[in-house]
Amino acid sequence: MLGAESVREALLLPFQYKTHHDHRPTEAQLIEVLDRLQLPTAILSRASSRISGGEKQRVALARGLLLGKQLYLLDEVTSALDAESKRAVLDVFSDPQLTVLSVAHDPEWMGHCGIIFELEAGQLIQVKRNGNP
Amino acid sequence: METLDIALPKMAFLYGLCLLPGLMLWLIGLRINRDIGISILRMSIQLTLVGIYLKTLFNLNNPYLNGLWILMMLVVADLSILRRAGLKARYFALATFTAITFSILFSTAYLVILVIQPTHFYDARYIVPLAGMILGNCLQGNVIALERFYSAIRKNEDEYATFLTLGATRWEAVRPYFRDAIKAAINPTIASMGTMGLVSLPGMMTGQILGGSEPWLAVKYQIAIMLCIFTSTTIASIINLKLSLNIAFNAFDVLKDEVVQEP
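Chains as they are written, first to last, in my numbering: chain A, 185 to 317; chain B, 1252 to 1514.
It should be emphasised that the hints constitute simulated quantities derived from the structure, not laboratory data. Heads up, a few of these hints could be off.
Unchecked claim - In silico DMTMM-like links for lysine to aspartate or glutamate, alpha-carbon gap of 25 Å or less:
1) K1493/B - E1423/B
2) K202/A - E1408/B
3) K253/A - D1409/B
4) K1507/B - D1431/B
Owing to the predicted nature of the structure, the values given are computational and were not obtained by experimental measurement.
Could you build the full structure based on these sequences and the hints that come with them?
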């Protein structure tokens, strides 16, 4: 749910609100974050209803990154991504300055997680710690 | 110029006019003649009672009685707005009553006290029909505003939640739906003003002409009433929606389930 007509409007939506009004990103920052997530600059002018599921997912992540938050809650973040896009998302969220709490079934994603809480039928069955958080 | 009276036998004859549409509806297999009969009967009884009451009201012309009549109209309108908008009166009755009372008193007082200036501002001949006409139209607008707004919030629950998660305050998140609802509420009045006189002759003006008024006087009253309807509908819808926001949402800005009537 991007909540705006075009991708550019969707990315800038939070900055219309008082909370983020003073932190509106520059054009260069917009392009930089799109580039990090393997999205072309031309996507800015496209209608948000006409982009693919994977692109939507990455535009939502780009919007989150533009807000400059330290903590991210992600739900099956790689579910609609191809291998190349997934790589880009993994690179972005492997930043040790960011804290990510995610729900995932993707082994590749879990391979990058510091601590994994394995749940089955709503019960915690195992806690694993990876070497490279 | 006196208006020609319709004698009672002729009134009875008038009901015969409905026999033709009744027959046509029956012939096309639409069995709604019982409902139509009940509606015609209700209309006749209700208007007869109003006629008796208005005659008494006009004869006594008591400011307290006139005020009480307007108060009663406001209470009935308040409950009717909430019922038709699908919201529970228990939560919103005071907010809606405040909004419509303020807007009706403001526009009626403006028209009667500052413009028409009868000998007594509470003159039933002016204040009762004018407040009633303004309120009737204001009611429609408020039903549309509340119904549109709360349907939109429920229909676009995900989008609304997205706005909140992106840092919008409650007001910032509801603003797109708020504007759409107000636009929908006042659009019929704007459209009606834009086509008035071209598409049809307005009811009040026709009534005044039939009552023996000069067409020019009837035109002036029609313009006055339309400006008041537009003013009161806009003011009441905005205040009503704004006040309802404090009632309908919880501390996390989520729409409370209990404020909406079960479908």
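Would the hint linking K253/A and D1409/B be met if the CA-CA limit is 25 Å?
Measuring from Cα to Cα gives roughly 22 Å; hence the hint holds.
Sort out whether E1423/B lies within 25 Å of K1493/B, counting only the CA atoms.
holds, 12 Å
25 Å Cα cutoff - pair K202/A, E1408/B:
Judged against 25 Å, a Cα distance of about 22 Å means the pair holds.
Below or equal to 25 Å on CA atoms is what counts here, so check K1507/B against D1431/B.
holds, 21 Å
Checked against the numbered hints above, the structure violates none of them.
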